[in-house]
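Can you make the complete structure from the sequences, with help from the hints?
Chains as they are written, first to last, in the working numbering: chain A, 1 to 271; chain B, 1 to 318.
Derived by calculation from the structure, the hints in this document are not laboratory data.
Certain hints may be false.
To be verified - A few chain A residues that face chain B, going by a derived Cβ cut-off under 7 Å, partial list only:
hint, residue
1, Met-111
2, Ser-112
3, Ile-113
4, Ile-117
5, Leu-120
6, Val-121
7, Ser-204
8, Gly-210
9, Leu-211
10, Gln-214
11, Pro-215
12, Ile-231
13, Val-232
14, Ile-245
15, Ala-246
Note that the structure is predicted; figures quoted are calculated from it, not measured.
From the three backbone atoms N, C-alpha and C, an ideal C-beta is built for every residue, glycine too.
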Amino acid sequence: MMKIPLAAMIGLIFTASYFLVAIFAPFLAPYGMAEVVGGVWEPMSAKHWLGTDNIGRDLLSRMIYGGRTTIFIATAATLVSFTTGSVLGFTAAVIGGWVDQAMSRFVDLIMSIPTLIFALVVLSVMPVTIPMLIIVMGLLDATRVYRLSRAVAVDINVMDFVEAAKLRGEGRAWIIFREILPNALSPLVAEMGLRFIFMVLFVSTLSFLGLGVQPPEADWGGIVKENKDGIVWGIGAALWPAVAIATLAISVNLVADWVLNRTTSLKGGRG
Amino acid sequence: MGLATRLVVQRLALGLLLLLAVSVLIFAGTQILPGDVAQSILGQSATPEALENLRRDMGLNEPAVTRYFTWLGGALTGDLGTALTSGADISEAIGARLGNTLFLAGVAAVIAIPLAILLGLIAVRFRERWPDKLISGVTLASISLPEFFIGYVLILIFAVKLRWLPPLATVYDGMPFGERLTLVLLPAITLTMVVLAHMMRMTRAAILNVMQSAYIETAELKGLSGFQVIARHAFPNAIAPIVNVVMLNLAYLIVGVVVVEVVFAYPGMGQYLVDHVSKRDVPVVQASGLIFAAVYIGLNMVADIVSILANPRLRHPK
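Shown next as structure tokens:
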């Protein structure tokens, strides 16, 4: 049994419990997601652990369902971003030449606009639905994965076993998926944690701005938006989702740090 | 023409080219997508006649390339068109709001830059000891926090509990400078906390990099104290990377401003953009998107040019 450092262990436990709560939300939430069960902004009590929200829904239940939506969107968007980004990055590195140049310059161009601004521009003409959010966020973020995987693949592409495969006459798909992908996996996995956090923050920000998940569907950014007027009256309901986002982000960070350290030491310092 | 001048000219040309390409991208992003703008403004129940009228008024029947050049020509001469929802002139609305946003970002920069450099120096001076570790821990936490969380916590503490500062930053034209500054202080502090972590960590890395050089060891060996070594020998050589860091983070601040303005109901560019995205007011979104992108690209360009100019190896070619 390998030894897991304390920080990584804490990170793992928190991350795992967030995911479990997200998966089993309907069994764990004490009330329905959109069910009005009490007065407006009731304080914390045995009946409502976190109190109630701006129209009298149970805040704990909203938080649990909200976490489910937020984590689902972030996970799906991370998958979109990694599939597109890494396949395109590997392809660019293997083909090289003008294809690589054209793709890389296009990615430079997209990255020269701040991601949030570009997402807002696109969402102004697109219907704001959950699948659309996942696609827009995933594709915009794929630019970063593209750069990383292209850089890693350029290194691997000149190694002897890849040369051997090329001389054997293997096709490009074989080179990409059977030769490069297995060897590029560890830096990509470490990056995945960071991209996931970015997605959680990104979707929460969009929902907070009212351009993400639409009500009555709950999500963490949206809960902040719904309850923000309470802040001026000293009611902290809007802070709970933010605490959830922050703890999730920090724990995923701790796990990602540990994975990164492990994989780099395994390969003798080569990322 | 010296090497440095040539590099600067190249970088300027690249910046302009990038800006042109970005304008194409922003235009394409809002026009060539499958959704019909006229349909999305009027809704599904619109009559075909109403749709046709709106398309004609917006020039949607023209080919996309013609529309792009009309739009770009207008943008270059300061005419950004009129807002669909209110019919107001976009250039006028943006003029006032851009000033507000730059004021807010400016105040934040005035607080953040000296603070980040000071903290970076302290972290280097006491590296691997508790002040360094404390600063690193706090910055890790602040990177993981969403901007709006920092904003609301500050509102809760300073505006609601302590009542030192107002919770909302609703400035208006012709407000006295002092009053405006009080209103802007809380959002500016929020923005500071958003960029401080990055700026400080990168300053720390830049100085640590210089600290590895041989002349720093010489300075230590001739008996200078820790702070003297940093202030007299390491800092001057780290200025170029630090200026670069500051510029990159100012560009980052431009994005943070969008969320912070919404939190504090501050009438700036960010809130203008967000409002009109939800109203699907495409001309306004294009115009403000273009301005945000231009400021971002401009700051990145300045960062690169400063680091070219500050590099003595490029200034004195052999």
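Against the structure, the hints come out as follows:
1. Met-111: 10 Å, violated
2. Ser-112: This interface hint holds because 5 Å falls under the 7 Å limit.
3. Ile-113: OK, holds: A/Ile-113 within 7 Å of chain B, min 5 Å.
4. Ile-117: Holds, about 5 Å.
5. Leu-120: 5 Å, holds
6. Val-121: Hint on A/Val-121: holds, closest Cβ of chain B at ~4 Å, below 7 Å.
7. Ser-204: 6 Å, holds
8. Gly-210: Constraint on A/Gly-210 satisfied, holds at 6 Å.
9. Leu-211: Check passed: Cβ of A/Leu-211 comes within 6 Å of chain B, closer than 7 Å.
10. Gln-214: 11 Å, violated
11. Pro-215: At about 13 Å, which exceeds the 7 Å cut-off, the nearest Cβ of chain B leaves the hint on A/Pro-215 violated.
12. Ile-231: With Cβ-Cβ at 5 Å, under 7 Å, it holds.
13. Val-232: 5 Å, holds
14. Ile-245: 6 Å, holds
15. Ala-246: Hint on A/Ala-246: holds, closest Cβ of chain B at ~5 Å, below 7 Å.
Hint check: violations occur at hints 1, 10 and 11; the rest are consistent with the structure.
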